[in-house]
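Protein chains in written order, with the numbering used here: chain C, 98 to 244; chain X, 790 to 974.
Honestly, the hints are just simulated from the structure, not real lab data.
It cannot be assumed that every hint is accurate.
To be verified - Lysine to any residue pairs mimicking SDA-like chemistry, simulated, CA-CA at most 20 Å apart: (1) C:K100 to X:L955; (2) X:K957 to X:S816; (3) C:K171 to C:N219; (4) C:K101 to X:I947; (5) C:K99 to X:S950; (6) C:K100 to X:F800.
Residues per chain are reported as follows:
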Amino acid sequence: MKKKTLIIILAALVVIATVLAIIVSKNQPSKSVSEVIIMQGGKETKVDLGKLQLTDVKATVTRANGKTIEIDSKGIELKDLLAEYRGFTTITVNAEDNYSAELKADELQTEKNVYLILGEENKPRLMVLSDSNAKRDVKNVLSLELK
Amino acid sequence: MKRISLKYLIFMAVCCDLGIIAKKLISPAANVITDNLHIPGGIGTSFSLLFLVTAAFIVKKFGAGMLMGLVQSGIAFLLGSAGSMGALAPLGYLIPGLVIDLCVLLLGRTKTPEDVQIVVCCALASVAAGLTANVIVFGLVGPVLALYCCVACISGIICGSVAAFLCKRLRPLFAKDRQKKGGEA
Chain C
98 MKKKTLIIIL
108 AALVVIATVL
118 AIIVSKNQPS
128 KSVSEVIIMQ
138 GGKETKVDLG
148 KLQLTDVKAT
158 VTRANGKTIE
168 IDSKGIELKD
178 LLAEYRGFTT
188 ITVNAEDNYS
198 AELKADELQT
208 EKNVYLILGE
218 ENKPRLMVLS
228 DSNAKRDVKN
238 VLSLELK
Chain X
790 MKRISLKYLI
800 FMAVCCDLGI
810 IAKKLISPAA
820 NVITDNLHIP
830 GGIGTSFSLL
840 FLVTAAFIVK
850 KFGAGMLMGL
860 VQSGIAFLLG
870 SAGSMGALAP
880 LGYLIPGLVI
890 DLCVLLLGRT
900 KTPEDVQIVV
910 CCALASVAAG
920 LTANVIVFGL
930 VGPVLALYCC
940 VACISGIICG
950 SVAAFLCKRL
960 RPLFAKDRQK
970 KGGEA
């Protein structure tokens, strides 16, 4: 085998890889940015927040450094989102960057307190309005684990 | 396997370490490409195998590739970077090592120029590593598997060219040693 043959093989492989990459990318299921995965007992359910009936969420949240931020978005109360789910006491909210926050199931019972809103670029964001330090302000929520 | 001198063993050990480090260094950049192609890898391993192929073609002893694969799997375990293959990680290193050994043995008997032998060896070892990982962990099929193998082969050819260059530059350092011992490693 000569170097010339090797270069031809490399060029052919690049062409084949390009064609395959196009085929593979076309076959990939498109994931909505506002999608959240709800996990309970090994079962996973995908929910697209953007396709649900959302309400206006307007609130002022205080951060740990004392600064206040205004929330004016659309969202859904977590208790409404999880209305069909039973037999859990804690909810772990996981973000894309592996940050996570925990909620007790009892906390959901308080009216107009725990929301999943559409944050930046329509990505899901957890807001607990009663928190004084916004530690459970989770941006880019990926999944909700019910235990 | 015939005895290998201490000088060669040290060189092989250095190549094993360089392989692991190269893989770690290139992984973030490689992941950007593989993520966009929707495949689980195939580029980083070629950079790791580059040094194994270089050492195998310098030492030219059957079993050197597998020995380096075994050492690399040990290092990977000790550094906690066994990856998704878990306890089966040694297989992921041994099989490419075996392919390297077979290439050194079989291609060495042909009249193919050595630099081409090195490139072919690196490409085949990369594809073997990818297929092993696929059998153990990924379970890809169809176009995704074909793309995975293609990317592994392309990166193998590119890394093989680097290995051929390295071999060319390093061989004079070991040639003196060979001459002193009458051509035996």
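### Those earlier numbered hints the structure runs against, lowest number first
2, 6
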